[in-house]
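There are 2 protein chains.
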Amino acid sequence: MAETTSILIKDTTIISDEIEKSSVLVVDDTIQEISNSLNDNDAEIIIDGSNKITMPGLINTHSHVAMTLLRGVGDDQSLQTWLEEYIWPKEANLNDELVYLGSKLAMAEMIKTGTTTFNDMYFFMEETAKAVDESGMRAVLGYGMIDLFDDEKMKSELKESEKLIKNCHQTCENRVSVAVAPHAPYTCSEELLIKSKELASKHDLKLHIHVSETKKEVNDIKNNTGKTPFEYLDSIGVLDSNTIAAHGVWPTDDEMNIIKEKQVSIAHNPSSNMKLASGIAPITKYLENGVNVGIGTDGVSSNNNLDMFSEMKLTAFLQKVNTLNPQVLPTKDTFKMATKNGAQALGINAGSLEEGKLADIILVDTLVPHMTPVRNALSNIIYSSLGTDVDTVICNGKILLENKELKTINEQEIIQQVNEKAFEL
Amino acid sequence: MAETTSILIKDTTIISDEIEKSSVLVVDDTIQEISNSLNDNDAEIIIDGSNKITMPGLINTHSHVAMTLLRGVGDDQSLQTWLEEYIWPKEANLNDELVYLGSKLAMAEMIKTGTTTFNDMYFFMEETAKAVDESGMRAVLGYGMIDLFDDEKMKSELKESEKLIKNCHQTCENRVSVAVAPHAPYTCSEELLIKSKELASKHDLKLHIHVSETKKEVNDIKNNTGKTPFEYLDSIGVLDSNTIAAHGVWPTDDEMNIIKEKQVSIAHNPSSNMKLASGIAPITKYLENGVNVGIGTDGVSSNNNLDMFSEMKLTAFLQKVNTLNPQVLPTKDTFKMATKNGAQALGINAGSLEEGKLADIILVDTLVPHMTPVRNALSNIIYSSLGTDVDTVICNGKILLENKELKTINEQEIIQQVNEKAFEL
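Protein sequences, first through last, are from chains A and B. Following this note's numbering, the residues of the first sequence are numbered contiguously, the last one being 425. Following this note's numbering, the residues of the second sequence are numbered contiguously, the last one being 425.
Note that these hints are calculated values from the structure, not bench results. It cannot be assumed that every hint is accurate.
Same chains, same names: a pair is fine if it fits in one copy or spans any two.
[As the list claims (entries may be wrong)] Straight-line distance between alpha carbons at most 27 Å, and here's what the computed BS3-like set of lysine-lysine pairs gives:
1. Lys285 with Lys216
2. Lys404 with Lys159
3. Lys262 with Lys215
4. Lys340 with Lys357
5. Lys332 with Lys262
6. Lys153 with Lys260
So here's chain A without its partners, still in its complex pose (with noise of 0.2 Å):
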């Protein structure tokens, strides 16, 4: 990592709240200055931002990224055949060595293409926390409890994750926190759910979990509690302003005002519903709600990827077609909800280019023909450019891709290491 304590982008067109031509100071971990009068006495690093779009680091709010391994494992089935004839049987060997690989070529996947902070869900999470650590970039992070309504599996499942708080909450100068993540209403029982919520309430924590992602989801947390699945998790107080709920795509009017009322974040995970079919949520209805909205890219093998600028385009593209509206899901209501939204989802003191804010900053390079010419800046980032135009990327002021090269990661030795063991899963 690179051992800087100030960094200078010298006049570049910044995209946050407005589109501003501008110069940004970094210092330390800290945006301290936007202004046109810096000069490069200002700091020790100078990168030139002309012909680049500057904006705040993506942020994937719901991922479990060391299912890069997975890639390519069980397309075009639906999630429960997905889940249970494909993916669990493999996830049943995974070890430790394995996540920490699948962990930190996710990381090189996601800082090349513009992603300073991800939300996730997975297994052996210190070998993630671990890769987070090397990487340079920010995590929540929550071990995915599933207890099958199984007694002991529930304690041991409550284990880990008091396990995970305690090795890893608020490490790595602060760019780890750990959130407490019960898999799902239909793999956790009504007293993994509960203790869950207790445990993050203990500690301060948000609450990472699956809700509402499918047709089939619906009726049978129906079946089981006479409820649906919000209006469930809300009985047994599991929902409030911490909850990250990821998909929702089949909210009822009751749910919707659920959602509106306990300030949960949503977290939209475009791609995903579409490879599965699990369905269409209703985004502008949340938005006209007032729900808080983030975007996520979910795991690699219902997507295939981690590019978060597809997931932009995709996330407009849907709410407008689905509604017969193009008008709906503007650009900055997209771009909004891929960083400031995101940020208010996790906790965290980004998602926008502001004095005061965290630098998480990534650089667009404009200077290729799918992004010439540059009418609006906003509207190339959205529906023009392809993650692989990030230039640069900074998280927590500190440079982990320049010019397109990884700093943090040896990404060649990464791609070879997961080579030779993926296979073994």
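Take the given structure of chain A and dock chain B to it, following the hints.
Frame of chain A; chain B shown alone:
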């Protein structure tokens, strides 16, 4: 353009009808042999195909390439507003120089993202032909005729088409052919549509037309003719196996039967249909009916790029979520749409890697994080890759892209020229 007569792509992963490890020998403009026994003595140029996926060049079946100049114009508007208030006023200022520049920029983008052939409808098409000549791509070019029911305009539009046929059909070593391109049933008089078909038949040309893009169009045509768009076109004899109908979003069952019986090819444009909120074309139904469906990008300002890899992914995703069936549009079918079906629609001897086919071939780099591991090369192409993973492009036996560097276009020069001129519009 490289002056070579033979190229060997060695030890590569080939995706065509099947996935196989082999080598490919190109002699002049043709794939001469695919075999594991080829060696370095067989060709003048040797390309190391290991760690690369070798596949047919992608075929964009519906574009208006010079609209790269209008990238970012009129986002988040309906088709009618977008055309009437944003696009047409700017297009009124087009001239030959601008269309040449916009076409050249588009070709830089298309080659870099793996497209070797495109089917274009626009204005000043001799300029686009000139850019095709220089770039080395393959194209079907049609002058977009719009008479708005004016008799004089009809005659002058037909003359423009005749001129284009005379000057450009089967030129550029046969890489350019001309299509007759009446814009749409709502912008062309019945007489223009009939005479267009006569002109196409006289010269044995393709006929390229927008049909059934929006609900509004369907209603307007019904009000004016008493028929749905495909019924109307069929009733005046426009439809046959030489017709390429762009969009086809709203076919009735009767229209589906007409399309099938007349062997019309459909050019599906998922990004454009989503961004303009035109609707979701019933691609799975078309395929079930044996209709030939290719994929297109449409123009840049309803997309906003020309990346066919994104279009493949979107094609599959959109059908899965719309039918709530993840098994529809499996990777093989999507791949075929962007390659073989496109070639069939345009009547070119390409779209698959087989001995005797034209040498339109691309190589995709797999040694990047988001393509690792390669459990299934086809899955990685459809779901994981980004257009910028394309490393090498061969069209008509000539190398147009080598190690991601354009060989026939000065990329930075064209970007600079467009940045200087595009804002004249």
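Mind listing which of the numbered hints don't hold for this structure, in increasing order? 2 and 6
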